[in-house]
Amino acid sequence: MEIDNGALENIGAAQNADGGWPYRKGGSWTEPTVYALLAHQAGRTAAPRSAAALAWLSAVQRPDGGWTPRGSVEQSTWVTALVALLPPDTIGAGKHARAVAWLLRQSGMESSPIFRLSAFLREGKALDGPELSGWPWYPGTAAWVTPTCLGILALKKCYWRRPSTELRERIDQAQTFLLSRRCADGGWNHGSARSLGYNSDSYPETTGQALLALAGTDAGRLEASFRQGQRFLREQRSSGGAAWLRLGLLAHQQLPAAAPLFTMPCRNVPDTALTYLAAAAEQGYNVFLQ
Amino acid sequence: MRRRDFLMGSAAVGLAGCRRTPVPRSRSLVNITRAAAYSQDIYGAMRRVLAEHKLNVRGRRVVLKPNLVEFEPESAINTHPLLVHATLEAFRELGATVAIAEGPGHRRSTLDLADAAGYFRTIPGFEDIFTDLNLDEVSRVRLPRPVSRLSSLYLPHTVLGSDLLVSMPKMKTHHWAGATLSMKNLFGIVPGGVYGWPKNVLHWAGIHQSIADLHSLFPNHFAIVDGIVGMDGNGPIQGRPKPAGVVVSGRDPVAVDATCCRIMQIEPARIEYLTLAGGLEGIADKNIQQIGEKPDSVATRFELIMELRELRREKA
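Protein chains in written order, with my numbering: chain A, 2 to 291; chain B, 42 to 357.
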């Protein structure tokens with residue numbers, strides 16, 4: 002797929018006066034701001050008013066080291082993993098290290114010892130242990146697929162820069178969590194593969210995210226997931242979903258040579274940036290894995 | 042509570058709640074209108090429904106909040122766009138400024154979802170009047186008397202700034218809540234951009250309790266339930282289309298949802314969030330003034346999964 006350099010211009014045009022990016026219009030949020038910066042990283046070009054962008058991002062880091070999704074929200078959340086995807090020197094090594102430390106302190110409530118004990122006493126069955134430890138969207142809740150994928154990708158980058166047993170173990174636990182949440186059709190949805198005895202269907206975007214986060218996993222374990230991802234790619238229901246699928250399949254060399262081009266419009270900054278990131282990955286530069 | 046929270050909460054209550062003054066119990070008016078299909082007849086029907094409820098919305102900001110869940114235009118998952126458009130037109134004719142807003146619970150690409158569900162082609166200028174509540178500006182609102190574990194919630198300005206919130210759910214069974222109607226539909230105003238997809242804080246705080254807490258913030262939202270074709274079985278996503286041929290509406294969401302349960306042959310007293318929000322008095326037949334059709338005359342059996350069979354209403 003060809004890189005559409007007009008995408009970076011479109012992203013640049015959406016930047017707010019405060020340096021951050023909105024999803025579509027309105028105030029700045031952490032998620033679109035990070036994706037805008039990652040797209041410019043993939044394009045090997047400086048983001049417009051990058052100093053202002055980074056200043057905005059720095060300003061919404063919380064005292065606990067995590068990031069809030071938006072300045073008016075007084076809580077660190079899943080977006081911390083997104084910020085940790087940025088190279089440490091962009092936001093400062095100290096800030097980056099505190100973000101990673103915050104991430105390492107978070108896990109889904111269902112794997113906490115107190116919750117597991119209370120669930121065992123209440124229901125008489127053992128729940129997932131710490132060997133399946135993903136990330137929640139919001140502290141104090143269960144782990145789900147998207148924040149776990151982003152957490153894995155962020156920690157992998159840290160591990161490649163500076164390997165440690167702690168990082169390796171947490172990545173392994175989160176990947177085990179992901180595999181445990183795979184739907185019967187081979188893909189992933191938000192993180193509920195089965196409910197009240199019924200199988201749930203998977204979604205394109207989360208299937209792409211999970212495949213990307215499972216890069217390096219034995220391909221033999223993911224055959225059904227590749228087929229489901231390729232099936233989704235033919236359907237094309239959203240540009241964001243198509244971008245994640247391309248990134249995920251590409252990470253396993255499973256993107257078909259004749260994969261259809263994007264047909265859905267990019268309706269917001271993250272989708273525009275992700276589409277650009279997928280194209281850059283096909284040209285050899287995957288910012289999530291390099 | 043910090044001053045900022047208080048101010049935000051007060052502002053929110055002021056914005057959304059000038060219509061929240063508790064009133065002594067009088068019979069709640071609930072309208073049941075027959076509608077056999079999603080046809081042009083719905084436009085006239087919605088004009089008549091709003092006229093019967095005598096809503097004074099001239100110059101007011103009305104936000105229609107449908108239930109958008111999945112990319113399946115042929116299924117009965119989402120509120121049908123024709124009903125939303127007919128309601129929009131009817132409110133406009135009454136002099137209101139009308140917006141549409143929704144924050145789906147599982148899928149992130151809301152506009153793509155709305156497109157697939159037929160909203161773009163059915164509602165002219167849809168994108169200009171639509172707000173993705175998952176990504177809207179937010180303020181923290183303190184819950185007045187929470188029954189869940191929540192003490193406050195971040196909520197979107199589009200909803201907080203409206204004069205009338207109109208919940209427009211699909212009439213569906215729900216594998217956790219029993220039935221998903223106008224009150225459960227308020228989960229969609231909780232911003233995914235803050236809490237994620239799904240909005241798992243609501244589950245951890247107690248699903249029924251969270252529904253009751255959201256209701257306490259918007260007790261007089263207007264409800265219009267799309268029961269023309271609902272969903273039974275393993276709802277709210279994997280169930281089967283269930284034609285019920287009705288649109289149910291009213292100013293008292295508890296009474297509207299209780300009426301819908303009776304139509305679905307579900308016992309409203311066994312739906313925990315209804316009793317939490319309205320008590321047995323709030324859902325009692327004697328306290329609901331039905332206009333249009335009677336519930337028994339349009340009642341149709343919505344099949345329930347095994348785990349919910351104790352919700353079955355024994356006699357209609």
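Among the hints, a few may not be true.
[Claimed, not checked] Here are the simulated EDC-like cross-link-like pairs (lysine to aspartate or glutamate), alpha carbons at most 20 Å apart as the crow flies:
hint: 1; chain 1: A; residue 1: K126; chain 2: B; residue 2: E348
hint: 2; chain 1: A; residue 1: K26; chain 2: B; residue 2: D169
hint: 3; chain 1: A; residue 1: K26; chain 2: B; residue 2: E178
hint: 4; chain 1: A; residue 1: K158; chain 2: A; residue 2: D90
hint: 5; chain 1: A; residue 1: K26; chain 2: B; residue 2: E168
hint: 6; chain 1: B; residue 1: K327; chain 2: B; residue 2: E351
[As the list claims (entries may be wrong)] What follows is a list of derived Cβ distance ranges for each label pair:
hint: 7; chain 1: A; residue 1: T46; chain 2: B; residue 2: G85; range: 53 to 61 Å
hint: 8; chain 1: A; residue 1: G141; chain 2: B; residue 2: D204; range: 31 to 39 Å
hint: 9; chain 1: B; residue 1: P185; chain 2: A; residue 2: G285; range: 55 to 63 Å
hint: 10; chain 1: B; residue 1: G100; chain 2: A; residue 2: G285; range: 55 to 63 Å
hint: 11; chain 1: B; residue 1: D204; chain 2: A; residue 2: A258; range: 30 to 38 Å
hint: 12; chain 1: B; residue 1: R186; chain 2: A; residue 2: A259; range: 41 to 49 Å
hint: 13; chain 1: B; residue 1: E134; chain 2: A; residue 2: A102; range: 53 to 61 Å
hint: 14; chain 1: A; residue 1: A185; chain 2: B; residue 2: R350; range: 23 to 31 Å
hint: 15; chain 1: B; residue 1: E168; chain 2: A; residue 2: E236; range: 17 to 25 Å
hint: 16; chain 1: A; residue 1: Q231; chain 2: B; residue 2: R190; range: 37 to 45 Å
The hints are simulated quantities; they were obtained by calculation from the structure and are not laboratory data. Note that beta-carbon positions come from the ideal geometry of N, C-alpha and C, so glycine has one too.
Status of the hints after comparison with the structure:
The straight-line distance between the Cα atoms of K126 (chain A) and E348 (chain B) is roughly 19 Å, inside the 20 Å bound, and the hint therefore holds. Among the hinted pairs, K26 (chain A) with D169 (chain B) is consistent with the structure: their alpha-carbon atoms are about 12 Å apart, no more than 20 Å. For the suggested pair K26 (chain A) and E178 (chain B), the alpha carbons sit about 10 Å apart, so the restraint of at most 20 Å is met. Distance hint between K158 (chain A) and D90 (chain A) is fulfilled; the C-alpha atoms sit about 13 Å from each other, no more than 20 Å.
At roughly 13 Å between alpha-carbon atoms, K26 (chain A) and E168 (chain B) fall within 20 Å of each other, so this suggested pair holds. Distance hint between K327 (chain B) and E351 (chain B) is unfulfilled; the C-alpha atoms sit about 23 Å from each other, more than 20 Å. Look at T46 (chain A) against G85 (chain B): about 57 Å separates their beta carbons, and that is inside 53 to 61 Å. G141 (chain A) and D204 (chain B) have their C-beta atoms about 34 Å apart, which keeps the hinted 31 to 39 Å range intact.
For the hinted restraint 55 to 63 Å between P185 (chain B) and G285 (chain A), the CB-CB distance of approximately 56 Å keeps it satisfied. Between G100 (chain B) and G285 (chain A) the C-beta distance comes to about 58 Å, which sits within the given range of 55 to 63 Å. Look at D204 (chain B) against A258 (chain A): about 56 Å separates their beta carbons, and that is not inside 30 to 38 Å. Separation of R186 (chain B) from A259 (chain A) is about 60 Å and departs from the stated range, judged on CB atoms against 41 to 49 Å.
E134 (chain B) and A102 (chain A) have their C-beta atoms about 58 Å apart, which keeps the hinted 53 to 61 Å range intact. A beta carbon spacing of about 25 Å between A185 (chain A) and R350 (chain B) agrees with the range 23 to 31 Å that was offered as a hint. A hinted range of 17 to 25 Å for the beta carbons of E168 (chain B) and E236 (chain A) is consistent with their spacing of about 22 Å. Hint check: Q231 (chain A) to R190 (chain B), Cβ distance near 43 Å, so the stated range 37 to 45 Å holds.
Of the numbered hints given earlier, the model fails hints 6, 11, 12; all others are met.
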